[in-house]
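Chains as they are written, first to last, in the numbering used here: chain A, 1 to 478; chain B, 1 to 478; chain C, 1 to 478; chain D, 1 to 478.
Source of the hints: derived by calculation from the structure; they are not laboratory data. Careful, some of the hints might be misleading.
Repeated chains share a single entry, so a pair holds when one copy, or any two copies, can fit it.
[Stated by the list, open to error] Straight-line C-alpha distance at most 25 Å; calculated SDA-like pairs for lysine to any residue:
(1) Lys187 <-> Lys230
(2) Lys230 <-> Gly421
(3) Lys86 <-> Gln448
(4) Lys242 <-> Gln64
(5) Lys449 <-> Val70
(6) Lys364 <-> Arg33
(7) Lys146 <-> Arg464
(8) Lys187 <-> Arg283
(9) Lys42 <-> Ile445
Protein chains: 4
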Amino acid sequence: MSVPYRIEASTGLPTDTKGPQPKASDRIPIIARPFVSDRAKKTLDIVEKFVEEECIPADPIYAQQVGQGVVQRFSATPPVMEDLKKRAGELGLWNMFLPKNHFKEGAGFSNLEYGLMAEMLGKSHTASEATNCAAPDTGNMEVFAKYGTAEQKEKWLKPLLEGKIRSAFLMTEPDVASSDATNIGMKIHKEGNEWVLNGSKWWSSGAGDPRCKIYIVMGKSDPDNANVYKQQSVIFVPAETKGITIKRMLSVYGFDDAPHGHGHITFDNVRVPASMMCLGQGRGFEVIQGRLGPGRIHHAMRSIGAAEKALEYMLARLNDPRKTPFGKQLHEHGIMLARVARSRIDIDAARLLVLNAAIMIDSKDAKFALKEIAEAKVFVPQVNLEVIDRAIQAYGGAGVSQDTPLANMWAHGRTMRIVDGPDEVHMVQLGRNENKRGKWLLEKIEWQKRRTAEVAKGYGEEVRDVLLLERQHSKAKL
Amino acid sequence: MSVPYRIEASTGLPTDTKGPQPKASDRIPIIARPFVSDRAKKTLDIVEKFVEEECIPADPIYAQQVGQGVVQRFSATPPVMEDLKKRAGELGLWNMFLPKNHFKEGAGFSNLEYGLMAEMLGKSHTASEATNCAAPDTGNMEVFAKYGTAEQKEKWLKPLLEGKIRSAFLMTEPDVASSDATNIGMKIHKEGNEWVLNGSKWWSSGAGDPRCKIYIVMGKSDPDNANVYKQQSVIFVPAETKGITIKRMLSVYGFDDAPHGHGHITFDNVRVPASMMCLGQGRGFEVIQGRLGPGRIHHAMRSIGAAEKALEYMLARLNDPRKTPFGKQLHEHGIMLARVARSRIDIDAARLLVLNAAIMIDSKDAKFALKEIAEAKVFVPQVNLEVIDRAIQAYGGAGVSQDTPLANMWAHGRTMRIVDGPDEVHMVQLGRNENKRGKWLLEKIEWQKRRTAEVAKGYGEEVRDVLLLERQHSKAKL
Amino acid sequence: MSVPYRIEASTGLPTDTKGPQPKASDRIPIIARPFVSDRAKKTLDIVEKFVEEECIPADPIYAQQVGQGVVQRFSATPPVMEDLKKRAGELGLWNMFLPKNHFKEGAGFSNLEYGLMAEMLGKSHTASEATNCAAPDTGNMEVFAKYGTAEQKEKWLKPLLEGKIRSAFLMTEPDVASSDATNIGMKIHKEGNEWVLNGSKWWSSGAGDPRCKIYIVMGKSDPDNANVYKQQSVIFVPAETKGITIKRMLSVYGFDDAPHGHGHITFDNVRVPASMMCLGQGRGFEVIQGRLGPGRIHHAMRSIGAAEKALEYMLARLNDPRKTPFGKQLHEHGIMLARVARSRIDIDAARLLVLNAAIMIDSKDAKFALKEIAEAKVFVPQVNLEVIDRAIQAYGGAGVSQDTPLANMWAHGRTMRIVDGPDEVHMVQLGRNENKRGKWLLEKIEWQKRRTAEVAKGYGEEVRDVLLLERQHSKAKL
Amino acid sequence: MSVPYRIEASTGLPTDTKGPQPKASDRIPIIARPFVSDRAKKTLDIVEKFVEEECIPADPIYAQQVGQGVVQRFSATPPVMEDLKKRAGELGLWNMFLPKNHFKEGAGFSNLEYGLMAEMLGKSHTASEATNCAAPDTGNMEVFAKYGTAEQKEKWLKPLLEGKIRSAFLMTEPDVASSDATNIGMKIHKEGNEWVLNGSKWWSSGAGDPRCKIYIVMGKSDPDNANVYKQQSVIFVPAETKGITIKRMLSVYGFDDAPHGHGHITFDNVRVPASMMCLGQGRGFEVIQGRLGPGRIHHAMRSIGAAEKALEYMLARLNDPRKTPFGKQLHEHGIMLARVARSRIDIDAARLLVLNAAIMIDSKDAKFALKEIAEAKVFVPQVNLEVIDRAIQAYGGAGVSQDTPLANMWAHGRTMRIVDGPDEVHMVQLGRNENKRGKWLLEKIEWQKRRTAEVAKGYGEEVRDVLLLERQHSKAKL
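One chain only, chain A, in its complex shape (with noise of 0.2 Å):
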């Protein structure tokens, strides 16, 4: 199979006007550059270069490749996306986002370095997996290179590595409130060696595709243990396991995302060995949480960059000599520079919380920086839905409409509020957290009144209120 075009090939971006436009390299904030090495600042060009003038050029043709109707559409295997994959391996640009200090197979760069990348890739809808950097296919593979047994790394880990197969995760369930995962039910019970699994998964994303070969599957197997955290355990179950029947695909806002998609899935005695169990009986819990943390650096990176790309698209829009209401172009319209304004600022800062959140795991692990990742997961897609919808607004109906990729990703962008946790949960835990100190600063406080009493006296003063008036009516009176 020949490669239908290269880079060498490209004109590559128009040269005069790009020259004064800063790498991506030279736009890291000033305050993250200490932590990035010289290899990932290169790195990190490349992958922008391969973004722009290769990755969003294949958009609309992985698109149309996908096909048409339901069954073609969760069959397709775009050629584009073959092609982009080998690209990115000439280049260099695969699995970057496996971390050094915890992983060897990767390509060496840190959660923050990665999630610069990240945020280049956020920019495509093929880059991510172009470069094998796809989830769920990238915490899949954390899974099972910290847990899994050698066998079960040769017979997924590696194919995974080399992007011949993908997988999906299955946690969320339709009949329970997912957002508290001590919900999930999905029966897991012991029969002789084996494991058998009862129940049903929605939002198994990935699951469309012909290529997922491996579910990852969150579900209840000591159901009675005292402790909630104990009563999940976590699974490898082969998707092409007897039993497995994948009902129907869910769209998102009228998009169906194929051929990756997200499965309607359910379970009937589905059965495997039991050395398919993940860690441990009723260690889920353990498992899904050293999954999630970077999982969540990852979409809120890619939402960084799908938040610039609107916002470049707007400011393109602010430029068409063609549009001009009441008589003026966008751009000289205060209303809109006052919006590119907002979310000029609102996405830098959103910036910040995510990479000062990377920082904190690299420079330990997911669960040291529990409070910056909640932070950055409600933080970011809020920001990224507004910077979007500002977009689409300055575009009017095109905005809406296919002629821009902005309703996609404001589609997807949307269920970033949802996946990992909904907003409220995130913000509930994130107080509940932060009023652990609640009851030192009543006492912090009540000490500072005091010590202003002591300190007045000193002066030969008592302390009063400024509007004291102690009017005693019945004195006067009397």
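Position chains B, C and D against the provided structure of chain A, taking the given hints into account.
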């Protein structure tokens, strides 16, 4: 005069619970740590201790010592302030604001390092002045240090650095839209070897203080200059020059901020020697631009300190055992926890924006950090106001009253959306700056579209719309 | 063709609990009741019953009968719709939109009365068309009724009123900023006794429907007219005229809205007889202004119906016994209740704004209600989107998917901030209109200040500032 | 005592421009007009003229006559107020608040009609008291009229109706979460034929006025009652009873609101005769619920008046020819016009909500209008604060200072989110009330789904998911 209290004499904050509370230096965001020296960390912790244990308890005493009645309040020199200053000197906390890479007179810290300290200072009404780090003296000292003659430095900078006199910066005028500094219209003309000033100034902050001895005044010396940025000059004017009248003081939501205050001042044929011109006639914009950058960072970091303090008050309230609406303490209400989380997230994002801007200044100068400073200038006050307002709502009536510092902090914070340029001006400028790359982005996106068409050809495909219809009614009819 | 179901045959909504639920006529805001006739109240209740018991259950069937694939979907005439129309006719629910004080052809209701019914219709995808009250036919019928010749009425208005054909209004163009209608550029010139049209239109809603037979087209017939509001004309063009091509359909966040759809249409030397000019050459603005007013009210009231439906879905979710995050049903979480309240308040405020605007139109005409219509146009879609978004968040993954109507409703609602003029245009026009009294207000406030000074004299007082200082440093010094 | 000015003596507002300005009665929203009598319209116009031409000019004089210093300010009886009251009497503007369908003592207007007048009164600091329509006297007079004995009416209601004395309502307490009135804890016990009161009250608004002669006090008389809504009683207590001390006054963002003020009052064995119990022991909740409804409407309509005044100030500023930032007057900046529009829309929506609530009360009573009152209670203050804040921002420094009434209006407006129950309490109650229909809605939606299945059968169809897949990997494998 004796120091009526000493830190040794104090019992210190409650220790049993204080134990686990991390110190200020432990709370520096991980992403900023490479920029903070060990010496700065140590100083930061001393600042925190000084603020929490000495300044905050002194705040109500200071307010009390200012006294009652307009004239009295604006003649006050509260003894507690002089004692705090002495104490700060003993602790080595003095003039920390003067950045080490530009001034030899300061304490040798970077803007970033002082920024972290300014956050602490922002928690107390008295702390900034106590450490000789209060606006507008800070910016004014920078002006003298940069542009003053040896004689002027001796006469004004020296006592300012020693905290013996105070100063004011007279820019805003009641009769024009001062948000656009080209409008500043105070008349400055030359007569012989003297400059003569006529006009009105207001929001002359600090002018109320009886110790305020020197004004730095912006005015129009060259109204006909074709370059509107060359019409203004900045000039030094002793406060006690003939012709100057402080007509009245301005209040901020009912607070008079005495004795510091905000003066409305008239100039009636005020004469100063030619040597009092700062930097050079027509160079007013140069002076204010150099002055405002770091000042905005100081304001921003103090605002973040205020926001943190408001959050501390809110958390204290949420844990007040006497407050149990509907049978639960306030911290058991999810709505309250979500607000705490929102505040936590926004403050942390705001802090990173400011620290990043401070590092930009440190790396070169304020002009280099124009975008980053503007971002912080807009983002921080909005966050600060929201955080304080949430705390006020949690306190109910106590929140709006004199029983907490919150109402005063809010009023002060509200001015931050106006001083040094209102939000709108910064937003439009940020937007305009961002828009500079608009045309290139338009070209880029169009290039990517053309590239898509080329790549598609490589697959023998033509790009077609996903909802292609091509229905020609007329054909059907014929 | 048989009607496959009948309301008599249905068991009706659960009655035991339905009992206490107030009917639509009972829920009319008390302030609006004097404007609603008993006949309208009765009809309103029938509309509600029809929508809830027949249209909403038919919605998924309609979607299913539209089928799969672009060409198929835009050729579909789902049988369930024809049955619903028959049923609506039997119930006397037909053409309720034509206001009684301007048209004899309608059902004899006022804009206010129809507005209340439109709210009910807005809860179902099929209800508006089923009662022949669907946009853009409604506005188009008004145009024909007002400006059509007898022949045109016979040919187009009659079958439209009977629901036998459909129509489209072609205004927006891809190549200009259509938010400013003076930009509309479709070329219209005369050759002999014919008008010739050249150009492109998009967002031609309804053009996808195979039964769409007539276009009402706005174009520029007099590009050099000094009065920019006289350059455009509106003209009738049969859909099957030679030279017209529907190139493609536009999607809205992934939804194609087939078979109705939103067409992108080209005109290549399209010729129509001179008699097809509407109202007169150069009078395009008159036509659209008359047409848009009531249409905005219809859109707004349907949006309110959508918001009510979203709130119903949200409340249903909050009471789903299977959804118990953190040990409590969703309706036991205060955050959720507060969101319900916010939605309730905003919807009720929005409804009153629209009803007030409708009464203004009824009292005279749409031009008289310009301000009120613009207010509703801006306020309602924002409320609607927020309410739907809250419901989506409460549903989590189910909310963004096809499992509830919410995602589709949101996408449709989002267009309402763009169609008939984007928010920004209406805001600036409203602001400009309001600003007309600015000068007088300035005078009034100045008069009041002078009056204060006069009145003070009556008390032997002079007005003085509360923080009067009048400190003259120079005097003190001399 | 002579009236130092008269409306006849005034030149009246500038007439040439006033001409086209519509009068208050012309500005009544069309939807509300059927509820307003001609007499009320006439009175409304007189109220407007009185407020604009007499009260607003008198506001600064009143502030001046209150004087300086805590003790002086809370002993003041500014002569201008007595003159305004005389003048209001002459104009027939007195006690308009007492609703005609419940009280014979008032001016004979409905709540709706008085609401419209209250909007006008809300534009001036002095107008409400000048017309004897000031809180808390209004609600207190209602209590006396409803529940007072003939003797109590003679002693307290009569002079209150004549504006000779003032009163306070003592409910909120510093030591409990008063947002939940069941917490109110002032001890009330019986000794012989006397009630004895012990405890603390604050936010006793009006208690600062030396003419405040009677307190209506809520306390806990039956702490062990199983029904928490029966534990509290309301009791009349003369202000000059022995044991009462006004310790201090509370400020609101730096404003003391003297002489009215907000008192912090202690009760130390305060004794009143048994006859002073209002309505009956344990019936405190009945009393306050009847009292609060109309009061919330009054507050809300005054807030709307304040918002209108703020918008007027903003518009005046936008047309100040001296204010031309960046070469344009403020009204030429789109950002400013959009804010004007936002304010216009929100105020109009808010007004309709309140008027609708007032009509609900008029149609029956406050309990009947619970939902509508709560909606207005939450919505109006938020709108009011936003509108005032926008005006302040347009004024810059002048906005936060004493040079406009805006800062004071904002501070007062801010308390409206707290008094009579904070937003959160009303939101959760509204949400809980709305949630009552949740179960039925769940049933309805499920019924509709079942109905869909039945109807589909009529077409020989089965309901199937739009993204049906039914891919069974295991089968494919075998």
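Verification of the hints:
Proximity of Lys187 and Lys230 under a CA criterion of 25 Å is satisfied intra-copy only: 14 Å inside one chain copy versus 51 Å between copies. In this homomeric assembly, Lys230 and Gly421 come within 25 Å of each other (Cα to Cα) only inside a single copy, at 19 Å, whereas the closest approach across copies is 43 Å. When the C-alpha separation of Lys86 and Gln448 is checked against a cutoff of 25 Å, the pair qualifies only between copies, where the shortest distance is 20 Å, while the shortest distance within a copy is 66 Å. In this assembly of identical chains, Lys242 and Gln64 lie within 25 Å of each other by CA distance neither inside one copy nor across copies; the values are 33 Å within and 31 Å between.
Taking the closest pair of Cα atoms, Lys449 and Val70 come within 25 Å of each other only across two copies (24 Å); inside a single copy the shortest separation is 69 Å, beyond that limit. In this assembly of identical chains, Lys364 and Arg33 lie within 25 Å of each other by CA distance both inside one copy and across copies; the values are 19 Å within and 15 Å between. Neither within a single protomer nor between protomers do Lys146 and Arg464 lie at most 25 Å apart by alpha-carbon distance, with minima of 64 Å and 41 Å respectively. Within a single copy, Lys187 and Arg283 get their C-alpha atoms as close as 15 Å, which meets the 25 Å cut-off; across copies the closest is 56 Å, which misses it.
In the homo-oligomer, the alpha carbons of Lys42 and Ile445 lie at most 25 Å apart only across protomers (24 Å), although the nearest pairing inside one protomer, at 51 Å, exceeds that limit.
Hint compliance for this structure: hints 4 and 7 are broken, all remaining hints hold.
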